[in-house]
Amino acid sequence: MADVRRTIDAVWKLESARIVGGLARLVHDVGLAEELAQDALVAALEQWPEAGVPDNPGAWLTTVARRRAVDHIRRERRTSEINPDFPYEDEPAPQQDDVLRLMVVCCHPALSREARVALTLRLVAGLSAAEIARAFLLDEQRVVRRIAAAKQTLAEEGAGFARPSTDALPGRIGSVLEVLYLVFNEGYAATAGQDLIRADLCREALRLGRMLAELAPAEAEVHGLVALMELQESRFAARTGPAGELILLHEQNRGRWDQLLIKRGFAAMLRARALGKPPGPYVLQAAIAVCHAQARTADETDWARIATLYDALVRLLPTPVVRLNRAVAIGMAYGPEAGLSEADALLTDPSLRDYHLLPAVRGDLLARSSRHSEAAREFERALSLTRNESEREFLRRRIAEMAAPAASGTLGAAVAAFLARDDLDRATVRSYGQTFTRLRRALGDSLPLDELTADRVAAVCTTAWGSAAAKTWNRHRSTVRSFADWSSLPGIAAGLERRTEKPPENDPIPPADLATVLDSPRHSLRERTLWRLLHESGAPVSAVLALDVEDLDLNDRRARSGGRWVTWRSEAAALLPGLVAGRTSGPLFLTDRRPGPSTSADRCPHTGRARLSYERAEYLFKQATGHTLRTLRHADQ
Amino acid sequence: MRYLMIQKPSDTHPDEKLFAEMGAFIEELTVAGVLLATGGLEPGGVLLSSVGDEITVTDGPFAEAKEAAAGFALVEVGSKEEAIELARRFRKIVGDGESTIQQVFG
Numbered sequence: 001m002a003d004v005r006r007t008i009d010a011v012w013k014l015e016s017a018r019i020v021g022g023l024a025r026l027v028h029d030v031g032l033a034e035e036l037a038q039d040a041l042v043a044a045l046e047q048w049p050e051a052g053v054p055d056n057p058g059a060w061l062t063t064v065a066r067r068r069a070v071d072h073i074r075r076e077r078r079t080s081e082i083n084p085d086f087p088y089e090d091e092p093a094p095q096q097d098d099v100l101r102l103m104v105v106c107c108h109p110a111l112s113r114e115a116r117v118a119l120t121l122r123l124v125a126g127l128s129a130a131e132i133a134r135a136f137l138l139d140e141q142r143v144v145r146r147i148a149a150a151k152q153t154l155a156e157e158g159a160g161f162a163r164p165s166t167d168a169l170p171g172r173i174g175s176v177l178e179v180l181y182l183v184f185n186e187g188y189a190a191t192a193g194q195d196l197i198r199a200d201l202c203r204e205a206l207r208l209g210r211m212l213a214e215l216a217p218a219e220a221e222v223h224g225l226v227a228l229m230e231l232q233e234s235r236f237a238a239r240t241g242p243a244g245e246l247i248l249l250h251e252q253n254r255g256r257w258d259q260l261l262i263k264r265g266f267a268a269m270l271r272a273r274a275l276g277k278p279p280g281p282y283v284l285q286a287a288i289a290v291c292h293a294q295a296r297t298a299d300e301t302d303w304a305r306i307a308t309l310y311d312a313l314v315r316l317l318p319t320p321v322v323r324l325n326r327a328v329a330i331g332m333a334y335g336p337e338a339g340l341s342e343a344d345a346l347l348t349d350p351s352l353r354d355y356h357l358l359p360a361v362r363g364d365l366l367a368r369s370s371r372h373s374e375a376a377r378e379f380e381r382a383l384s385l386t387r388n389e390s391e392r393e394f395l396r397r398r399i400a401e402m403a404a405p406a407a408s409g410t411l412g413a414a415v416a417a418f419l420a421r422d423d424l425d426r427a428t429v430r431s432y433g434q435t436f437t438r439l440r441r442a443l444g445d446s447l448p449l450d451e452l453t454a455d456r457v458a459a460v461c462t463t464a465w466g467s468a469a470a471k472t473w474n475r476h477r478s479t480v481r482s483f484a485d486w487s488s489l490p491g492i493a494a495g496l497e498r499r500t501e502k503p504p505e506n507d508p509i510p511p512a513d514l515a516t517v518l519d520s521p522r523h524s525l526r527e528r529t530l531w532r533l534l535h536e537s538g539a540p541v542s543a544v545l546a547l548d549v550e551d552l553d554l555n556d557r558r559a560r561s562g563g564r565w566v567t568w569r570s571e572a573a574a575l576l577p578g579l580v581a582g583r584t585s586g587p588l589f590l591t592d593r594r595p596g597p598s599t600s601a602d603r604c605p606h607t608g609r610a611r612l613s614y615e616r617a618e619y620l621f622k623q624a625t626g627h628t629l630r631t632l633r634h635a636d637q
Numbered sequence: 001m002r003y004l005m006i007q008k009p010s011d012t013h014p015d016e017k018l019f020a021e022m023g024a025f026i027e028e029l030t031v032a033g034v035l036l037a038t039g040g041l042e043p044g045g046v047l048l049s050s051v052g053d054e055i056t057v058t059d060g061p062f063a064e065a066k067e068a069a070a071g072f073a074l075v076e077v078g079s080k081e082e083a084i085e086l087a088r089r090f091r092k093i094v095g096d097g098e099s100t101i102q103q104v105f106g
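First to last, the sequence lines map onto chains A and B. Numbering (this note's numbering) for the first sequence: 1 to 637. Numbering (this note's numbering) for the second sequence: 1 to 106.
Calculated from the structure, these hints are not laboratory results. Keep in mind it's a predicted model, so treat the numbers as computed, not measured. A hint or two may mislead.
In the EDC-like style, the derived pairs of lysine to aspartate or glutamate whose C-alpha atoms are separated by at most 20 Å in a straight line are [as the list claims (entries may be wrong)]:
no.	chain 1	residue 1	chain 2	residue 2
1	B	Lys80	A	Asp3
2	B	Lys80	B	Glu21
3	B	Lys80	A	Asp55
4	B	Lys8	B	Asp53
5	B	Lys80	A	Glu214
6	B	Lys92	A	Glu214
7	A	Lys263	A	Glu214
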């Protein structure tokens, strides 16, 4: 018995739309048609357990129901004193047309949206009132009453069962599409752990959508909606984690996307496009879904195209939610600031006042702009506006991240996140990078942030830049401080005192310092020779660096360079022979290391080394003294 | 729920009528919104078996059937009974032979 019951259910699910549609064509009343079909079902329940399931159960149900319909019509005619033998109207029409009419009537404009949904699920999808109630978390009696009232309304309106005129059809189908997408979204909002029938709503909506695509193949928006649902459904499994938590699109494991449904979505999209009409709202939304489906990784998403599609969509469907999604797309395509200015414009929209996704989106954009405390406030607001537990969990996580954006991480990860911010220009990133390269090398990428103490930072900085110019020191110091603010670890810069900078140009080296530097054995022969030479000759730095060995007249303490004489005195004269060291030609001042194979020909024939560059020479002197090489020209000793 | 219906190779000689009826049946499944994918299957195929590190590849056919017509349909329905009902209609069209129905998980 139980098996027969399940078979009857199965047959009913597969056949109900055609049976009810066919009956409605006879009796011109979908409510009555459904009752007649129900009678046939009851008959099946009575007879099949005894007689067995008929060979063609669908045909059996249809025949029984039609017989009752004819009886009903005869009875009506008798009571209304019309000749009962007058042939009842049974216009020949393909069964498929019946189903299309049934769909359209169930979404009649005289009905409320809730009534359309209930009636469509009941009459077209063949769901029971109990199933609909469970799916929509409603009381079953309420659904029963809603369906009865809807049938009543249709009868009173004289909705009948006529095919809508060609002009009216797209509008009526639009109403069907709205209902299908509503049902789909109701199912899509269901999460793991909830009654499975809720998630089944997606399948029902898709099934009806695929049906409609065959029944009304010339309507591009039908194919658009089918494509949209296929593509969204393809991500169903990937959008929740093992504990039922929500996983955002860009964090989903794309390997879990259902490739079969993606292909079906693409195919539906091609059918829509092939009709060559300007895209409607569903086609545009499907096109956006196509962009996501085509990106193999989240980073490959073509956000600029998505933003353009939203521009078009917002013109057709200027709802606050579409405008908000557009802000998200713009934020992804053109940076968080651009997204924020779009999202901020929605703050004054009263219909979004209690919509939790507005603060959630703003929070995300603020977080990406490194405005963490503002972002946290927005996430708090969003949290107070939603009751969906998986969304609440997600928001709590975001709030915790804002409080300590990287406190739980490592030095390497935090630095990477710090440098990856959108608001840093390239020069800043390069400058910051120098500080962090040193810190990461000294402390290790895997150092937990809570072990990053002021003492450790100070030790690294002092070793690296303690003897550097004040300006250099201060630059590294301010990088550390800015990182400290960002990572909410203000203490880590405590060991770094600001140093007083001296404008180097206007401040010649004090003679005592100069003597120390020039005589210090810490510096190499090359440096000491260069500095002596610059100091004694007063020649431009570039002219001295341009000197070749063959230019030197060691006896006369002079050399020809760039059309002028460079002359020196005893100290440089004492150092030069050591630097020349038997070389007979090539650049006088050489780099420490051999250059790579592709560098210029300006190199030493003896050692293969290249000429010392101005930048390198300047850097070495700055490291040693904090001054520029030019100050040597005018320094007194 | 997804079910994979597989029609095993049989001795039935596929004729014009069978192809026409199959076409109509596939159309019906499509209009019903339950058919995800369908196709015919090469009768024999290739058999791969592994024992330890060794993998053996054997070319088909493995059945006696000469005029084998095999195929599959992947359907999405609400219950096993619905899948059975669809397979029942299918069997009526193709005549003597066997089909299997297996739920597809994941």
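Verification of the hints:
1. For the suggested pair lysine 80 of chain B and aspartate 3 of chain A, the alpha carbons sit about 11 Å apart, so the restraint of at most 20 Å is met.
2. Note on lysine 80 of chain B and glutamate 21 of chain B: the hinted pairing is violated, with a Cα-Cα distance of about 24 Å set against a maximum of 20 Å.
3. Proximity of lysine 80 of chain B to aspartate 55 of chain A is assessed by CA-CA distance (about 18 Å); at most 20 Å being required, the pair is judged to hold.
4. Pair hint lysine 8 of chain B plus aspartate 53 of chain B does not hold up; C-alpha atoms about 31 Å apart against a cutoff of 20 Å.
5. Using a Cα cut-off of 20 Å, the hinted pair lysine 80 of chain B and glutamate 214 of chain A is violated, with the two alpha carbons roughly 25 Å apart.
6. Taken as a hint, the lysine 92 of chain B and glutamate 214 of chain A pair is broken in the structure, with Cα atoms around 24 Å apart against an allowance of 20 Å.
7. A threshold of 20 Å between alpha carbons decides the hint, and for lysine 263 of chain A with glutamate 214 of chain A the separation of about 17 Å falls inside it, so the pair holds.
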